[in-house]
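Asker: Okay, here's what each chain looks like letter by letter:
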Amino acid sequence: AQRVTQPEKLLSVFKGAPVELKCNYSYSGSPELFWYVQYSRQRLQLLLRHISRESIKGFTADLNKGETSFHLKKPFAQEEDSAMYYCALRGWGKLIFGTGTRLQVFP
Amino acid sequence: DGGITQSPKYLFRKEGQNVTLSCEQNLNHDAMYWYRQDPGQGLRLIYYSQIVNDFQKGDIAEGYSVSREKKESFPLTVTSAQKNPTAFYLCASSIVVGQRNTEAFFGQGTRLTVV
Chain A
29 AQRVTQPEKL LSVFKGAPVE LKCNYSYSGS PELFWYVQYS RQRLQLLLRH ISRESIKGFT
89 ADLNKGETSF HLKKPFAQEE DSAMYYCALR GWGKLIFGTG TRLQVFP
Chain B
2 DGGITQSPKY LFRKEGQNVT LSCEQNLNHD AMYWYRQDPG QGLRLIYYSQ IVNDFQKGDI
62 AEGYSVSREK KESFPLTVTS AQKNPTAFYL CASSIVVGQR NTEAFFGQGT RLTVV
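These protein sequence lines are chains A and B, in that order. The C-terminal residue of the first sequence carries number 135 in our numbering, and the numbering is unbroken. The C-terminal residue of the second sequence carries number 116 in our numbering, and the numbering is unbroken.
So that you can see chain A by itself, here it is in the shape it has in the complex (with noise of 0.2 angstroms):
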């Protein structure tokens, strides 16, 4: 079975330090896998997907089949990174999220 798991439903931190939300997945196959971000009063929107091995807005997130995680980072975080974020699963067509964590970034 698909499944996406978010431990953490709030992480709060200041402007200036490390972040890291974390996201662990449950897939047989070959998953693709994304973050997504929903900023106050603006519509869900991709953040970054696994494939591009990119950093958008100073975020990174490295896939590990190993431990089976994808967690998102950004050595400094910014007040507007203040958001909702999502871990989420492609497979088999199915597009899956996890429960989604809550950062706050205090000035």
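Worth flagging that the hints you see were computed from the coordinates, not collected in a lab. A virtual CB, placed ideally from N, CA and C, is assigned to each residue, including glycine. The reader is advised that the hints may include incorrect statements.
Mimicking PhoX-like on lysine-lysine, the simulated pairs with C-alpha atoms at most 25 angstroms apart in a straight line are [as the list claims (entries may be wrong)]:
1) B:Lys72 x B:Lys15
2) B:Lys15 x A:Lys122
3) B:Lys58 x B:Lys71
4) A:Lys85 x A:Lys43
5) A:Lys122 x B:Lys71
6) A:Lys37 x A:Lys50
7) B:Lys10 x B:Lys84
8) B:Lys72 x A:Lys122
9) B:Lys71 x B:Lys10
Computed from the model, here is a short list of chain A residues facing chain B with C-beta under 7 angstroms [unchecked claim]:
10) Val41
11) Arg71
12) Leu74
13) Gly121
14) Leu123
15) Phe125
16) Gly126
17) Thr127
18) Gly128
What follows is a set of in silico ranges between Cβ atoms, one per label pair, in the way DEER data are often shown [stated by the list, open to error]:
19) A:Arg81 x B:Asp39: 28 to 34 angstroms
20) A:Thr33 x B:Thr87: 22 to 28 angstroms
21) B:Glu104 x A:Pro35: 22 to 28 angstroms
Put chain B on the given structure of chain A with help from the hints.
Answerer: Chain B in isolation, oriented as in the chain A frame:
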């Protein structure tokens, strides 16, 4: 603001009535999805469709029905059999390239309240 449009933004219905939520996209996307978003539960997949005239149940399909008669439209009906229909509903679409889907684009959602 084109792309993917959900209507209406707010919807009120009496208990026992069926209600249909609209989702239209002008992105020429093959795949469309319906999710339910509840506090603390993230997005849960209700139904999805990879191609016109075909759709599959997601993880919480009971009490819901869909149709995909046109590529651009994927309406969701919340039936009276859905035990807890009050929720925020999100629609999304994406291109299908080979066996891979690309980025999903989301609508702004419909908040359904059943009284």
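Asker: B:Lys72 and A:Lys122: Cα distance at most 25 angstroms?
Answerer: Holds: B:Lys72 and A:Lys122 sit about 18 angstroms apart, inside 25 angstroms.
Asker: Hint A:Phe125 vs chain B: min CB-CB distance below 7 angstroms?
Answerer: Holds, about 4 angstroms.
Asker: Does B:Lys71 sit within 25 angstroms of B:Lys58, going by the straight-line distance between their CA atoms?
Answerer: holds (18 angstroms)
Asker: Would you check whether A:Gly126 satisfies its interface hint, that is, whether its CB is within less than 7 angstroms of any CB in chain B?
Answerer: holds (6 angstroms)
Asker: Closer than 7 angstroms between Cβ atoms is the bar; does A:Arg71 clear it against chain B? Give me holds or violated.
Answerer: holds (5 angstroms)
Asker: CA of A:Lys85 to CA of A:Lys43, is that 25 angstroms or under?
Answerer: It holds: about 15 angstroms lies between the C-alpha atoms, which stays within 25 angstroms.
Asker: Is the gap between the beta carbons of A:Arg81 and B:Asp39 within 28 to 34 angstroms?
Answerer: holds (33 angstroms)
Asker: Please verify that hint: A:Leu123, Cβ, nearest Cβ of chain B, below 7 angstroms or not.
Answerer: Hint holds; A:Leu123 Cβ to chain B Cβ min 6 angstroms, cut 7 angstroms.
Asker: Do the alpha carbons of B:Lys15 and A:Lys122 lie within 25 angstroms of each other, as the hint requires?
Answerer: violated (32 angstroms)
Asker: Tell me if A:Thr127 is really an interface residue toward chain B, meaning its C-beta lies closer than 7 angstroms to one of theirs.
Answerer: Because about 4 angstroms separates A:Thr127 from the closest Cβ in chain B, which is inside the 7 angstroms limit, the hint holds.
Asker: Taking 22 to 28 angstroms as the hint, is the beta-carbon distance of B:Glu104 and A:Pro35 inside that range?
Answerer: Distance hint for B:Glu104, A:Pro35 holds at roughly 25 angstroms.
Asker: Going straight from one Cα to the other, do A:Lys122 and B:Lys71 come out at no more than 25 angstroms?
Answerer: Given that 25 angstroms is the threshold and the Cα spacing comes to 20 angstroms, the pair holds.
Going through the hint list in order, the structure does not satisfy hints 1, 2 and 10.
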